[in-house]
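Participant: So you can see what is in the structure, the chains are spelled out below.
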Amino acid sequence: MTEEEILDGSKNNNAAAQELLYQKYSPKMLGVCYRFAKSKMDAEDMLQEGFIKVFTQLNQYRNSGSLEGWIRRIIVNTCINVLKKNKRFSDCLDISFAENLHSLEKNIPSIIQAKQIVECIRLLPIGYRTVLNLYAIEGYSHKEIGALLDIQESSSRSQYFRAKAMLEIVLVKNGILDQSKKELA
Amino acid sequence: MMEDFSTDQFETFLKLSTENFKMRPSARVWNSLFNKMHPGSKWPSISTAILFFFLFCFLSTNKNNHSKIITDISHQFPKNNDKKNIASFTNHQTKKNNLKSDLVNVQQNPHFIKASFSEDPILDDNIESNLISTPEICLTPHDIKKDTELKAFELIKNIGQHFTFLIHNNINETKEINTVKISEKRNQFTYQIYATPSMDYRYSNQKNTKNAMDSNASNLHLNFEAGGAILMNVSKYIRIKAGMQLNFSQIKNDNTESNNEKNIAASLYNSVDLMNNKFNNTSNIFKNSTYQISIPIGTEFEIMSSNKLKWFAGATIQPSYLFVNNDHSVFTELNNKVYQQSMMREWNVNSSIETFINYDLKNNIELNVGPQIRYQFLSTYKNAFQQSERLYQFGLKIGISKKL
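Protein chains in written order, with our numbering: chain A, 103 to 287; chain B, 27 to 430.
Because the hints were derived from the structure by calculation, they are not lab data.
You may find that some hints are simply not true.
Stated by the list, open to error - Listed next, the in silico DSSO-like pairs over lysine-lysine satisfying Cα-Cα at most 30 Å (straight line): (1) A:Lys-155 - A:Lys-186; (2) A:Lys-275 - A:Lys-217; (3) A:Lys-130 - B:Lys-48; (4) B:Lys-48 - A:Lys-266; (5) A:Lys-155 - A:Lys-142; (6) B:Lys-408 - A:Lys-113; (7) B:Lys-267 - A:Lys-187; (8) B:Lys-62 - A:Lys-126; (9) A:Lys-187 - B:Lys-48; (10) B:Lys-408 - B:Lys-334; (11) B:Lys-267 - A:Lys-126; (12) B:Lys-48 - B:Lys-262; (13) A:Lys-187 - A:Lys-245.
For clarity, every value in this text was computed on a predicted model and none was experimentally measured.
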């Protein structure tokens, strides 16, 4: 099946086409969900919910941009919605985590395997991680993040600043980021 | 790794680093997604069972139309077992348009005349009748002259239980007769107790892969089922039933462990202490058993019957609860897994299909014997566990039923 046939089949609720579409994009999208989620199982739940939206809203896709980008946008929004339903996440956004930097530094485990960057990101508190994921990786502006997470734009900026600082510590600790480079920066 | 890192490139670095990060989702995600997107495809076997049930109902209703409107007044006349067929008529259409049906069989003796039609007759719209079909009618002997043969009869009036027929004989005489509908009396409830020794077939596979190498079918093991049920006749050919049963199943595992298996087993399930005793030996045979209580709800359909024998087919859905589990198997791969009670699914749904012969002993007691297949819809293990197992049980059901 060509990409076009898969897309048309999926729009027509063809199970085989939907499975092909899912198989093509689900690994990457699970990687996206994993950066937001607490565990792989949570990430899979987000992925499942996201793909239900993808399949039900696929008729709205007008081939104007890349399909992957369109799916990714839906998946990210689903992740945010799932996180927002979680009360702990809302609390995290309201709390300043600056004091946690030192305690985190002491407890950082060594990650020496693949997916190390992602695992480093996942070590951040969930509020920081969400803002960092949205801004640095997904390309949202602070204004968009503020609207998405129901916080001030300035809060998004400050959260991102702290998240970035914390992530640098984690990356250095794990040998991913060279200390001297960091100091120079 | 980050030779070219600078603060300005931080976002770019993160974006590039994570851009191609992929993870393989478990099969559970797609299965749930598929079931939500295509609810019609969920549990195809349930759909089949429901279809089976409605097919039975449909067949029963069709047959039942005949049985309900039997007009039988033969009990008013002396019994005569010498019911001799004296005339047969095929493709005979009644002349009047009140009742149009093929008269295919007539029994006539000194005490009664009995006629059968081949199919449901079609009534005129203007006839006042609640009689949909008249497959069998018994008439008084004086309704027809001696030494004549019944040629045809027509329903000309029906009010409630009273029917008026016009009968024709072979010498072209006609006579108007009146008769009443007598409904058959049947025992409505039956109590049944049964026991079913069976052999099981367990099919296991890993949830996160479709690789055939990762699936496994186990050896056959002995199981046992015992229970009781109340059956209620809803028509002449169909009865519904509900009851309670106990299922005992056992599995015998012969495992040879290695250190690697031990590690995997321990990491799979945090029961190292439990496992240590078993890992000390290089080869172990574990006898594991489970007890399950079920509430079978279903239907039975009478396919054929003779004087003493009846042939039935039936299907049940069985919500089940696992209440005792002595399963402490040690495995690391598909044949070698780590199981413990907390990993077992307590609530499950089973279904069974069966066919059996009823032999009428006496005093309304019947012996039931026949094969049964039982299928477990959900995996034996909880969703969180990567292992999925389907259970099939093939048994011989032996029961006693008594009409209440």
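Participant: Just pull the numbers of the violated hints for me, sorted ascending.
Facilitator: Hints 6, 7, 10, 11, 12 not satisfied by this model.
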